[in-house]
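Asker: These protein sequences, in sequence, are chains A and B. Under this note's numbering, the first residue of the first sequence carries the number 19, and numbering increases by one thereafter. Under this note's numbering, the first residue of the second sequence carries the number 19, and numbering increases by one thereafter.
No wet-lab data here; the hints were simulated from the structure. A hint or two may mislead.
Said to hold, decoys possible - Away from chain B, derived, C-beta distances all over 12 Å, residues of chain A:
1) Ala-168
2) Arg-250
3) Asn-344
Claimed, not checked - Here are a few chain A residues that sit away from chain B, every Cβ distance over 12 Å (derived from the structure):
4) Arg-71
5) Thr-226
6) Ser-328
7) Thr-335
As the list claims (entries may be wrong) - Covered stretches of chain B, going by a simulated chain A footprint (3 or more residues, C-beta under 8 Å):
8) 177 to 191
9) 290 to 300
10) 319 to 330
11) 356 to 366
Even glycine gets a Cβ: it sits at the ideal position worked out from N, Cα and C.
There are 2 protein chains.
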Amino acid sequence: MPAGYSRSVGERRLPIDLPAENILRLTEIQFVEILRRRAGRHAREFARGRALRRGIGDDCAVIAQSSRNDLLVTTDLFLEGVHFRREWQDPDSAGHKALARGLSDIAAMGGTPRYAFLSLGLPPDLGANWVDEFFRGLFKLASDARVILAGGDTGRSRSGFVADIIVVGEVPKGRAVLRSGARVGDEIWVTGRLGLAAVGLEALEHRTARERKSVRYAEALQRFYYPQPRLRAGRYLRERELVSAMIDLSDGLSIDLARLCQESGVGARVDESALPRNPETPVRLALHGGEDLELLFTVPPGLAHALPRSIAGVKLTRIGQVIRMNEGKSGGKKAGSNLMLVRGNKEMPMPVLGFQHF
Amino acid sequence: MPAGYSRSVGERRLPIDLPAENILRLTEIQFVEILRRRAGRHAREFARGRALRRGIGDDCAVIAQSSRNDLLVTTDLFLEGVHFRREWQDPDSAGHKALARGLSDIAAMGGTPRYAFLSLGLPPDLGANWVDEFFRGLFKLASDARVILAGGDTGRSRSGFVADIIVVGEVPKGRAVLRSGARVGDEIWVTGRLGLAAVGLEALEHRTARERKSVRYAEALQRFYYPQPRLRAGRYLRERELVSAMIDLSDGLSIDLARLCQESGVGARVDESALPRNPETPVRLALHGGEDLELLFTVPPGLAHALPRSIAGVKLTRIGQVIRMNEGKSGGKKAGSNLMLVRGNKEMPMPVLGFQHF
């Protein structure tokens, strides 16, 4: 058993010098890192020079497909009680979100989604209407994104609704935008506005049904229920070669930025006042709220002038800069310790909280 | 909502004139059929001539990849309480079986597996040792099959261990062996011996730990815990173009034969006395027991002479013949009604029971 493994998965002990809220997501990073090393050792045993261009540790795996294209593959679990609650979410929205998460991973590579596969575990208490509406939401988004549902698996579940969405996409050979390409001095940008889905989630958790109907929550709830994967923006940025690295914001800016920085071996300085958010969205949720499915990307310093103000109606905003790994005051190589936040005149280590699934 | 949908998924009402035991699996067939029609309509809307050679309804989807190869994609759920029980199964065996099911789907197309992806939902009570042993079993089989674990998703589960295995494989362009190629007059063959895994399962259900240690159950338990996907046999049969259709026996001969016949639009006559089984294996389990992961395939009448007795140490056995859809006495087009069983001098409709997951 590799060192650190028992801490990360089983006993959930505290990683040293990190706040308690960080455990779940950081241990996922550790878990993925350990799994990657193990899979890498295993793959090297017999697969020198195989066509896997990028395996564990990015939004998608990248596989050489032909002389023109690489294949992108991503999988996303969508579990009742973890990723959604039946009492909060119409099945139509659940179907939309299950697929949107996978499409967003393809967007983050600058790719075009082609096929989806769905593994479905159905609990006995689930009505046919629910399943039908789930597919309605899923097929609607699949049509919009021109994705074909090409297969999957179905079975019973003894424990809530279980879905796993697999999306297969394409990108021109060698052109997939990885998490690992950010360089010191690059600018950090995001699409759209941050924290909206989390405002919607908090309204569901803490507001009455009547309060939630107010216009104040309309946009946030719409974003929570029907987040839009930024496929056009991702493709635009990749086609014009404007970006050095990209990731989608599925779990929150702080955790997803930490992932990108870890893969690139760099740090980041984010200007809190630059975060694009609605006036009603607390800074806390713009920094740490999940499920927006916006894109976070880095732009080499000479290229920022070529960025448009918006792509397909979605604004682009510069929020910070890539810095050296150990430039941040807390130093060290631990994930999250190399992220700095500028608040007014002060600069402080950025807390890495990530999205707390229920 | 399409007609029949509510019956198949939600209310679990009885399909007319089928025994009660058939409901679960036949409704899965209906469910897949309805989903396929819906996905097909949806795909035709915008994807005429797209590269999907085969979608929902076979062991794998087949996607045009390059001028030389087609891509195979399959997904298989592996849920605690449905596909395995923690108290019955070492994690090492669970990891093996989760991957073996996916590899077996690739074998059934005559393909070569290349990459695996794993979506994993971990319940909080699961120890690190368990997860580590699960990966040990999975990586051991991946090494044997020369498959690379290339990505996936991890998260919490509130409801038992959840795994979804995706396997991506290759087959020469246009050469994937489908379920739909069986023709009247073809011979029906299987690899290996049938019902062994089901004997192992029954031992776990009905025998004491001491009884299970007897040599009588050793082989069956080994098969139940570590079924071997027949990759070499599948590839051999495809390379020599000896087979017209193929499927893997994951849920039981009767249900999987019904699936193959439905896709091919044919019937089948099976000779009970020909079923390859150990003397201790009841006919009932050879006919309906699941999880053997043997291959069921059809051979055009002129080609049977070219079949070897065994492939890579696994025997091949002729068990019946493909007949016309309505040749069986019960007639009609309903799945299962076109399967006949010869027992001694009598011929009777074959019950289609399938594997009862716990």
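Asker: All the hints need checking, so say for each whether the structure fits it.
Answerer: Here is what the structure says about each hint:
A cut-off of 12 Å between C-beta atoms contradicts the statement that Ala-168 (chain A) is not in contact with chain B; the least separation is 4 Å. At the 12 Å boundary, the C-beta of Arg-250 (chain A) stays outside the reach of chain B, the nearest C-beta of that chain being 16 Å off. The Cβ of Asn-344 (chain A) lies farther than 12 Å from every Cβ of chain B, with a closest approach of about 29 Å, so its non-interface assignment holds. Arg-71 (chain A), annotated as away from the interface, has a beta carbon of chain B within 12 Å; the closest lies near 10 Å.
Interface exclusion of Thr-226 (chain A) from chain B stands, the closest Cβ pair being 25 Å apart, more than 12 Å. Against chain B, the non-interface label of Ser-328 (chain A) holds: every CB pair exceeds 12 Å, the least being about 26 Å. Every beta carbon of chain B lies more than 12 Å from that of Thr-335 (chain A), the smallest distance being close to 28 Å; the non-interface claim holds. Requiring three or more residues with a Cβ within less than 8 Å of a Cβ of chain A, the coverage given for the stretch 177 to 191 of chain B holds, as 6 such residues are present.
Counting residues of the stretch 290 to 300 of chain B whose CB falls under 8 Å from any CB of chain A gives 0; the rule of at least 3 is not met. Only residues whose C-beta sits within less than 8 Å of a C-beta in chain A count toward coverage, and the stretch 319 to 330 of chain B has 0 of them, not enough to reach three; the restraint is violated. Counting residues of the stretch 356 to 366 of chain B whose CB lies closer than 8 Å to any CB of chain A gives 0, so the stated coverage by that chain is violated, three being the minimum.
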